[in-house]
Every structure is written in structure tokens, then in C-alpha cells.
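Below are the chains, spelled out letter by letter.
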Amino acid sequence: MYTYDDSIISDCFYTFSIATTGKCNCACTYCHFFAGNERSKVAHDLSKDIYKAYIEYICNWKDEINASVAYRFTGGDPLVMGDALFDLAEEAYSRIGFGPFVLTNGKGIDDQWIIKAKKSKITHVNISLENPISPDPCAEPPINTVEKISKFSSIELPLLPGVCIIEREYFSKLYDISEWFYAKIGCLPTFVEMNFQAYESPNADQLEQLSKNIEQIIQRFAPKVPVNLFPNISSELGYGGKIPFILIMDLKDSCKLASYDWVGNLEVAHPTLFSYYRRLMCDKANCPWFNNCRYTAWYWQVDMAGVSKEQKLRDYCLLKRTINDSFYRVLVDNNHKSTAYNIDTNYHFSRQQEIYIPHQLKGG
Amino acid sequence: MTNKDIDREKAVKLKKAIIEQFKRYEVELTKENLLLLFTVSKSASPPLISDVAMLQD
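Protein chains in written order, with my numbering: chain A, 6 to 369; chain B, -18 to 38.
Worth flagging that the hints you see were computed from the coordinates, not collected in a lab.
Computed from a predicted structure; not experimentally measured.
Do not take every clue at face value.
[Stated by the list, open to error] Distance condition first, Cα-Cα at most 25 Å in a straight line; then the derived DSS-like pairs of lysine-lysine:
1) 229/A / 4/B
2) 4/B / 314/A
3) 289/A / -9/B
4) 247/A / 4/B
5) 342/A / -4/B
6) 156/A / 4/B
7) 289/A / 4/B
8) 112/A / 189/A
9) 126/A / 112/A
10) 112/A / 28/A
11) -3/B / 217/A
12) 53/A / 123/A
13) -6/B / 289/A
14) 247/A / -9/B
15) -6/B / 247/A
16) 189/A / 229/A
17) -9/B / 342/A
18) 67/A / 126/A
19) -6/B / 229/A
20) 229/A / 247/A
21) 257/A / -9/B
22) -6/B / 217/A
23) 124/A / 156/A
24) 289/A / -4/B
25) -4/B / 247/A
26) -4/B / 229/A
27) 121/A / -4/B
28) 229/A / -3/B
29) 217/A / -9/B
[Unchecked claim] A partial selection of chain A residues facing chain B, derived with a Cβ cut-off under 7 Å:
30) 148
31) 227
32) 242
33) 246
34) 291
35) 333
Ideal Cβ placement from N, Cα and C applies to all residues, glycine included.
Given the sequences, and given the hints that come with them, work out the whole structure.
What follows is the structure, given as C-alpha cells:
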């Protein structure tokens, strides 16, 4: 029996992710939302009844659970909703007591939107960015996005760089990409791997390049600005030691919060809210990163894009060791040798597959 | 201390280093870049793209 030390991830924070609309003004080729949804069938906004139930749930959760909590509007792209988005923020603020932040591709941001947003209850905006070396032809060009960040970001309404997806063949350019962003906006986006239906396994050379580039980035930028590298693999490295959890509130109310009475029984929705996270059963208890490896995002544990679930999990293990070893080398001990424990996928998949709910919420 | 303990200790050391790094932003960047400080303290935004369809697998 291999047991984890829960104290190492005791400091969690939770972000409710409300899909306010299924409409989007971009058509990124890698978008997993529209890979799984026919555009015409999700081209609508979240219903008012479901939204109201979501806000009530967050309000109750905030009051009853002793943990950091935030909520965000996402989609599709929330900005296609026009002024209705500001109305949603106002409604939520009046009930919850603090405002949402917004995830967007940035295409809908202009002078008029900024003027209205500054008067709204939206706290800040996270804008996703394309890889400047190889931007998706159907996405907003990254040069446009960084110009908007530079022009419009302010203390009243910060426009913050969100995620930038890096395909495996650009691991070798990650440092150069970081330099590009730093020169343009003085900080770095959150770099994440290409995943879902566009996922491809990295080869040994790409992993070596990833390690080298991460070390260069930490050395150069970590003393200056926050560095957040591949938090879907190593979330423990990106938020000052805190562990983020995203709680999905989708367009069709998969949690069924609008259809039954959950007041006084918030945990009844936890299995659905936490369905993003699956328990990881690893038998390599001597691995340095064992305690940070108790769960993964669900897509590391399923067959997808022609990659078997066993291979996906092996890739996760390889990437995690590469990333954590690189951080450790720069921040703690430059003589650290690469970790060589490979996950036993037979051991993992022979166990019952469970949703992972943080220890903190189980009263333990 | 066993080899296992030594290896496990690495995760704790790395976490401490990450926290120390984070504290430095709050101290050192206050004067030169208030916006970035805001980023650090308020942007509790795990960078995942909202997902509807993929939750249905």
C-alpha cells in the first residue's frame, strides 16, 4: 500500500469556471471545445435559470467551505455576449460579494469594451495568446493581443496574459518565445502543452529540449516575473506552492444544480464538479515527486487522439519528471540527477478509477 | 535517513523554493510594477480552458 502525504498539498484554492456562452468569434484548429461540440448546437448562452443556480451554489460554497475561492466566465468566448456579460457580472457580484474574472481570446477587446468593462464588476481579464513562432491561422494573431495588453491594461482592469499553447516541436524554442513575450509585455504567459484531440507524444529529444529551455527560463525570468510552466502537469510549481482546482460549471448543468435542492448538502455536487481530476495510483513511492502525483487532469488517463491511455500516462510521468527536475536543478541543487522512476501503468489501471476530491474538502 | 526519505525531502525543498520565489515578487515588484503584483495576488486563475464536451467521456 503506497500512501501519500497530504500535508504537501494542503493549501488548495478553487476556481469555479462558468461557461457563459458556447459562441466563439475564433475557430482555432486545436480547440477541444468545438472538437466535441457541433458549433451550431452550442451557439447559445447559458440559461438564466442555470446561471442563477450556479451563483447561488458559489455563494453557499464560499460561506460554508473554508478555502480560497474565485469564479470566472468562460465559453466559447464570453465577450461575444456584448453588454449581457456585464449584467451577469453585476448579478453575481450582488449575490457573492466579489466579481468574476474573464477568460477570452481577446479578439473582442477594443476601446468601447474597455470603457464598459472598467465600470463593471469584472475584476480582471485573462487573455489567451498564440505561440508567436507558429500562431494558429484561425486564432487572433499574438502581436494583436500583446498590443491590446500593452495599450489597455490598467490597475482598474488588468489585462493579463493567459495561456499560450506550445506544441512539442516548439519545446526547443520555449526560451525564445519567452523572450518575445517579455520584450512585448514585461511578463510571461502561462505555457501549456498541446493536448486533447491534438495531443502527440513528445520524443526523447523534445524532452531534452524542454528541460534545457525550462532551466534557461527559470534562470533568466524567475528572479523578475512569475513563471508558470505547464501547470496542467505540475500545478504545484506555478502558484506560490498553492494548488489550483478548476470546478467546471458547463452550459448544460452537468452538476444538475438547477434541478434539485442541494442547500445544506454542497458535497453532493463534488463528484461532478471535480470530474476534471482523477486519482493517480502510482507505486513508485521513492520518486521525489510522488506526493505531487496523486491525481491528474482526466485527459492524461484516457485513450485519445490515437494515443493509448497507458502511453498518455507514461507521457505525463515523463513530462512531470522533466519539469520538476528542471525546476529543482535551478532553484535547489544544480547537481540533481534526472529522476528515473517510471509509472507502472498496469498497477494504475488495475485499480478502481476514481474522481479525485481534495483532502481539504473531505474534512480530513 | 533512508534514500526514500532523502528523495521525498526534495519535494519539500522545491516547494519551499517556490514559495520563497513567490514572496520575492511581492516584495521586489511592488515598487516597479504594481500591475504585476496585482497579477500575482489576484489572478487565482488556473490556466485551463473551459471544457464542456470532454467532460462527457
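Against the structure, the hints:
1. 229/A / 4/B: At roughly 12 Å apart (the allowed maximum being 25 Å), residue 4/B and residue 229/A satisfy the hint.
2. 4/B / 314/A: The given pair, whose Cα atoms are some 38 Å apart, is violated under the 25 Å limit.
3. 289/A / -9/B: holds, 15 Å
4. 247/A / 4/B: Within the cut-off at roughly 13 Å; holds.
5. 342/A / -4/B: holds, 18 Å
6. 156/A / 4/B: Given pair residue 156/A, residue 4/B is violated - Cα atoms ~28 Å apart, limit 25 Å.
7. 289/A / 4/B: Given that 25 Å is the threshold and the Cα spacing comes to 32 Å, the pair is violated.
8. 112/A / 189/A: holds, 18 Å
9. 126/A / 112/A: Holds: residue 126/A and residue 112/A sit about 20 Å apart, inside 25 Å.
10. 112/A / 28/A: holds, 13 Å
11. -3/B / 217/A: holds, 22 Å
12. 53/A / 123/A: Roughly 24 Å separates the two Cα atoms, so the pair holds.
13. -6/B / 289/A: The hint holds at about 19 Å.
14. 247/A / -9/B: holds, 17 Å
15. -6/B / 247/A: This hinted pair holds, its Cα atoms lying about 15 Å apart.
16. 189/A / 229/A: holds, 15 Å
17. -9/B / 342/A: Within the cut-off at roughly 12 Å; holds.
18. 67/A / 126/A: holds, 18 Å
19. -6/B / 229/A: Given pair residue -6/B, residue 229/A holds - Cα atoms ~21 Å apart, limit 25 Å.
20. 229/A / 247/A: At roughly 20 Å apart (the allowed maximum being 25 Å), residue 247/A and residue 229/A satisfy the hint.
21. 257/A / -9/B: Violated, at about 43 Å.
22. -6/B / 217/A: holds, 21 Å
23. 124/A / 156/A: Holds. Residue 124/A to residue 156/A sits at ~18 Å (cutoff 25 Å).
24. 289/A / -4/B: holds, 20 Å
25. -4/B / 247/A: Holds: residue -4/B and residue 247/A sit about 9 Å apart, inside 25 Å.
26. -4/B / 229/A: holds, 19 Å
27. 121/A / -4/B: Violated, at roughly 40 Å.
28. 229/A / -3/B: holds, 18 Å
29. 217/A / -9/B: holds, 20 Å
30. 148: violated, 20 Å
31. 227: holds, 6 Å
32. 242: holds, 6 Å
33. 246: holds, 4 Å
34. 291: Given a least distance of 5 Å, the restraint on residue 291/A holds.
35. 333: holds, 5 Å
Violation of the numbered hints given earlier is confined to hints 2, 6, 7, 21, 27, 30; the remaining hints are satisfied by the structure.
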